[in-house]
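Chemist: One letter stands for each residue in the lines below.
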Amino acid sequence: MSLSQFIPFLPEIFLAVAGFAILLAGISLGKRGARGLSLLSLGSLAVTAILIWVVGRPVEGAHTILGGMLFVDTFAVYFKLLTMTASGIVLLMSAGYLERSDYSPGEFDALILFATLGMMIMASGANLVSLYVGLELMALSQYVLVGYFKLELKSNEGAVKYFVLGALSSGVLVYGISLLYGALGTLDLGAIRAALTASDTVNWTLNLGIILVGFGMLFKVAAVPFHVWTPDAYEGAPTPVTAFISVGPKAAAFAMFLRLFLGAFHPELAQWRIVMWIAAAATVIYGNIAALTQDNVKRMLAYSSIAHAGYALIGIVAGTAMGLWSVMVYMLIYTFMNLGAFGFVIMLETRGYAGERVGDYAGLAKRHPGAAAGMLIFMLSLAGIPPTAGFMGKLYVFSSAVQAGYIWLVVIAVVMSAVSLYYYFRIVVEMYLKDGDEDEPAPLVRDRWLDAMIGLCVFVTLFLGVYPAPVVGLAQSGVHALGLG
Amino acid sequence: MAFLSAHFVAIVFYVLAVLAVAGGVGVITFKNPVHSALSLLGTFLMVAGLFVLRHAEFLGAVQLLVYAGGIMVLFLFVIMLVNVRRLSPDAAFLSRRAPLAVLSGVVFGALIAFGVLAGSLGHPGGGATALQMVQGHVMGNTEAVGWTLYRHFLVPFEIVSVVLLVAMIGAIIFGRKDAGLEGRGGRMEP
Numbered sequence: 001m002s003l004s005q006f007i008p009f010l011p012e013i014f015l016a017v018a019g020f021a022i023l024l025a026g027i028s029l030g031k032r033g034a035r036g037l038s039l040l041s042l043g044s045l046a047v048t049a050i051l052i053w054v055v056g057r058p059v060e061g062a063h064t065i066l067g068g069m070l071f072v073d074t075f076a077v078y079f080k081l082l083t084m085t086a087s088g089i090v091l092l093m094s095a096g097y098l099e100r101s102d103y104s105p106g107e108f109d110a111l112i113l114f115a116t117l118g119m120m121i122m123a124s125g126a127n128l129v130s131l132y133v134g135l136e137l138m139a140l141s142q143y144v145l146v147g148y149f150k151l152e153l154k155s156n157e158g159a160v161k162y163f164v165l166g167a168l169s170s171g172v173l174v175y176g177i178s179l180l181y182g183a184l185g186t187l188d189l190g191a192i193r194a195a196l197t198a199s200d201t202v203n204w205t206l207n208l209g210i211i212l213v214g215f216g217m218l219f220k221v222a223a224v225p226f227h228v229w230t231p232d233a234y235e236g237a238p239t240p241v242t243a244f245i246s247v248g249p250k251a252a253a254f255a256m257f258l259r260l261f262l263g264a265f266h267p268e269l270a271q272w273r274i275v276m277w278i279a280a281a282a283t284v285i286y287g288n289i290a291a292l293t294q295d296n297v298k299r300m301l302a303y304s305s306i307a308h309a310g311y312a313l314i315g316i317v318a319g320t321a322m323g324l325w326s327v328m329v330y331m332l333i334y335t336f337m338n339l340g341a342f343g344f345v346i347m348l349e350t351r352g353y354a355g356e357r358v359g360d361y362a363g364l365a366k367r368h369p370g371a372a373a374g375m376l377i378f379m380l381s382l383a384g385i386p387p388t389a390g391f392m393g394k395l396y397v398f399s400s401a402v403q404a405g406y407i408w409l410v411v412i413a414v415v416m417s418a419v420s421l422y423y424y425f426r427i428v429v430e431m432y433l434k435d436g437d438e439d440e441p442a443p444l445v446r447d448r449w450l451d452a453m454i455g456l457c458v459f460v461t462l463f464l465g466v467y468p469a470p471v472v473g474l475a476q477s478g479v480h481a482l483g484l485g
Numbered sequence: 001m002a003f004l005s006a007h008f009v010a011i012v013f014y015v016l017a018v019l020a021v022a023g024g025v026g027v028i029t030f031k032n033p034v035h036s037a038l039s040l041l042g043t044f045l046m047v048a049g050l051f052v053l054r055h056a057e058f059l060g061a062v063q064l065l066v067y068a069g070g071i072m073v074l075f076l077f078v079i080m081l082v083n084v085r086r087l088s089p090d091a092a093f094l095s096r097r098a099p100l101a102v103l104s105g106v107v108f109g110a111l112i113a114f115g116v117l118a119g120s121l122g123h124p125g126g127g128a129t130a131l132q133m134v135q136g137h138v139m140g141n142t143e144a145v146g147w148t149l150y151r152h153f154l155v156p157f158e159i160v161s162v163v164l165l166v167a168m169i170g171a172i173i174f175g176r177k178d179a180g181l182e183g184r185g186g187r188m189e190p
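Chains as they are written, first to last, in this note's numbering: chain A, 1 to 485; chain D, 1 to 190.
Calculated from the structure, these hints are not laboratory results.
Given the structure is predicted, the values throughout are model-derived calculations rather than measurements.
Backbone N, C-alpha and C fix where the C-beta goes; we use that ideal spot for every residue, glycine too.
There could be a bad hint or two in this list.
To be verified - Derived pair list, reagent style DSS-like, types lysine-lysine, alpha-carbon separation capped at 30 Å:
1. A/Lys434 x D/Lys177
2. A/Lys31 x D/Lys177
3. A/Lys434 x D/Lys31
4. D/Lys31 x A/Lys31
5. A/Lys366 x A/Lys434
Claimed, not checked - Some residues of chain D that are not near chain A, with every Cβ distance over 12 Å (derived):
6. Val9
7. Val21
8. Phe51
9. His55
10. Tyr67
11. Gly70
12. Ile71
13. Leu76
14. Ser95
15. Ile112
16. Leu117
17. Ala144
18. His152
19. Ser161
20. Val162
21. Phe174
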């Protein structure tokens, strides 16, 4: 291991150091300076992104560094930049929210940066150990962030449920990894793939290991039947944290999922495909059905995010190169439309938990037509109606499954997309057709940074809806990194 | 006697393994939390014995120092500070979910047993000497662990230090008393 191997690792080193610096700066600032710290954190994310572009890119083709622990390839760069963008948007959205709360911003911003570091490791890990350690770094930061409003009962409840179930799922994941090591004698993804390609006998210990790793990953992406933590954690967490854990960590978990199942475990596709088929179908059905009866918007968006994980799983079931890049595109589109929708929940959340009930949206179109139009676009996109990006994302994922011959799965998903229209349009109906008959309608938060971030999400959602080619091209360039031709 | 000496390692293994599992069962069945904690201590000791049996002496020693020493003391401290004498769970809550819990436990156990018994486990580490090799020379188990940890697994090792920092930050956030937050419920101001 020579010193030059550390050069592609510089972005991660810088981000870790920046996290320490933000933590120290936050101590001296106390409860003040939320906006300054957010800008500082955003700046360090920007420098990290520049470093990734300068030294972290696979200029001489994909390769591994530091003793085969990390990949340097376009797949990793794609997901690193995606999760960092999500973190940056959340940092700017949360600044005003933290200012209005009684909690200090220093640890909050530092934890977001450390979670981002974990997600970067998950996107580039080439060894089961480095992938797992990255996952734990992300997960531990998330548990703390969910419970960050420690005097709120709901925040505590969400954090405890998330932590206990998360620890259990980590145990299942590590047990699966240990079985893989026992069966193959290696933790290196490349070596695992080579060993699986070479052997043609069915080894049940190996398959059990793969399935248990799959269970761990299904938990992290919140798929049925490992979804029970999601509604409570999403509802209890401070809203910017809910926005964060619904996008960045989900994208990173899908990066690890793809790297493992369409990369290392791809030769055993015939063995694990049926499990993923059942999980995808159950997730799409349950997520959409359960969302129908929710009156709390955060809970509804939690079930909606479960359903969206199900749509993305369909691309993994397809198991083809198109399945891979369609999931990559889907994660990017989902990130922007979900962040935008949560941005509006933050905007309405001026008093306690106002803005969380569907009824709080009544008459929004009359009072604030711009905000209502923005929310309409995100609801359309989440439901998958053209010309928004959500439609393009679903189109790619579904057509990859049709090409692979999984017609029934696509039929289920399309029917359930139609069901999802009902609960997304409940909010639209409230906004446009109901009068806000409250004596005191919940006023909107006036926060330029939040407005700007929502505007960015609206722009990306509409732009990718009509012209998705650049992102598709970027995702397709990441396909050969996993050896799917 | 000949049987005993021929199968000595296997016999010791099964005794330790059975005691370790029994300790684990004890943790969740004892009513008194102190008994549960001591039962967990038994499991830690047996697992340390298993490590030594497999010639991983360093891991065995660390298991004793960190788990049986450090973590166990922490458990007992918490039990003393919280001062729980007897855990009395809500009987209705448990009995309602018991059949489902037993069912899923049995299914999961059967799955594991099938996977481990039906498949073939390789021998990734080789024999005892493989755990003591450093750059082709036989040294000690501690040296071998050190060489692997600080060279091959350097990156995960460094990231674990950040993981521990995050855990500490979390403990401090939840543990400290914030001036100004008490009595206000931490609610958002209008």
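Chemist: Could you run down the list of hints and mark each one as holding or not?
Modeler: Hint check:
Straight-line distance between C-alpha atoms of A/Lys434 and D/Lys177 comes to about 45 Å, which puts the hinted pair past the 30 Å bound. Straight-line distance between C-alpha atoms of A/Lys31 and D/Lys177 comes to about 14 Å, which keeps the hinted pair within the 30 Å bound. Note on A/Lys434 and D/Lys31: the hinted pairing is violated, with a Cα-Cα distance of about 56 Å set against a maximum of 30 Å. The straight-line distance between the Cα atoms of D/Lys31 and A/Lys31 is roughly 44 Å, outside the 30 Å bound, and the hint therefore fails.
Annotation: proposed proximity of A/Lys366 to A/Lys434 holds, straight-line Cα distance about 10 Å (limit 30 Å). No Cβ of chain A comes within 12 Å of the Cβ of D/Val9; the nearest lies about 19 Å off, and the non-interface call holds. Taking the minimum C-beta to C-beta distance to chain A, about 15 Å, the non-interface status of D/Val21 holds against the 12 Å cut. For D/Phe51, the requirement that its beta carbon stay farther than 12 Å from each beta carbon of chain A is met, with the minimum near 14 Å.
With a cut of 12 Å on Cβ distances, D/His55 stays outside the contact zone with chain A, its closest approach being about 17 Å. Every CB of chain A lies more than 12 Å from the CB of D/Tyr67, the least distance being 16 Å, so the non-interface label holds. No Cβ of chain A comes within 12 Å of the Cβ of D/Gly70; the nearest lies about 19 Å off, and the non-interface call holds. For D/Ile71, the shortest C-beta to C-beta distance to chain A comes to about 15 Å, beyond the 12 Å cut-off, and the non-interface label holds.
No beta-carbon of chain A is positioned within 12 Å of the beta-carbon of D/Leu76; the least distance is around 21 Å. For D/Ser95, the non-interface assignment is confirmed: its Cβ lies about 20 Å from the closest Cβ of chain A, beyond the 12 Å cut-off. Look at D/Ile112: its CB is around 7 Å from the nearest CB on chain A, not clear of 12 Å, so calling it non-interface is violated. Distance check for D/Leu117 against chain A: the nearest CB is about 8 Å away, which does not clear 12 Å, and the non-interface claim fails.
For D/Ala144, the non-interface assignment is confirmed: its Cβ lies about 16 Å from the closest Cβ of chain A, beyond the 12 Å cut-off. The claim that D/His152 is not at the interface with chain A is violated, since a C-beta of that chain comes within 12 Å of its own (minimum 5 Å). With a least beta-carbon separation of about 9 Å from chain A, D/Ser161 fails to lie farther than 12 Å from that chain, contradicting its non-interface assignment. Not every C-beta of chain A lies more than 12 Å from that of D/Val162, the closest at about 6 Å, which undercuts listing it as non-interface.
Listed as outside the interface, D/Phe174 is inconsistent with that label: its C-beta sits roughly 6 Å from the nearest C-beta of chain A, within the 12 Å cut-off.
Going down the numbered hints, you'll see the structure goes against 1, 3, 4, 15, 16, 18, 19, 20 and 21, while the others check out.
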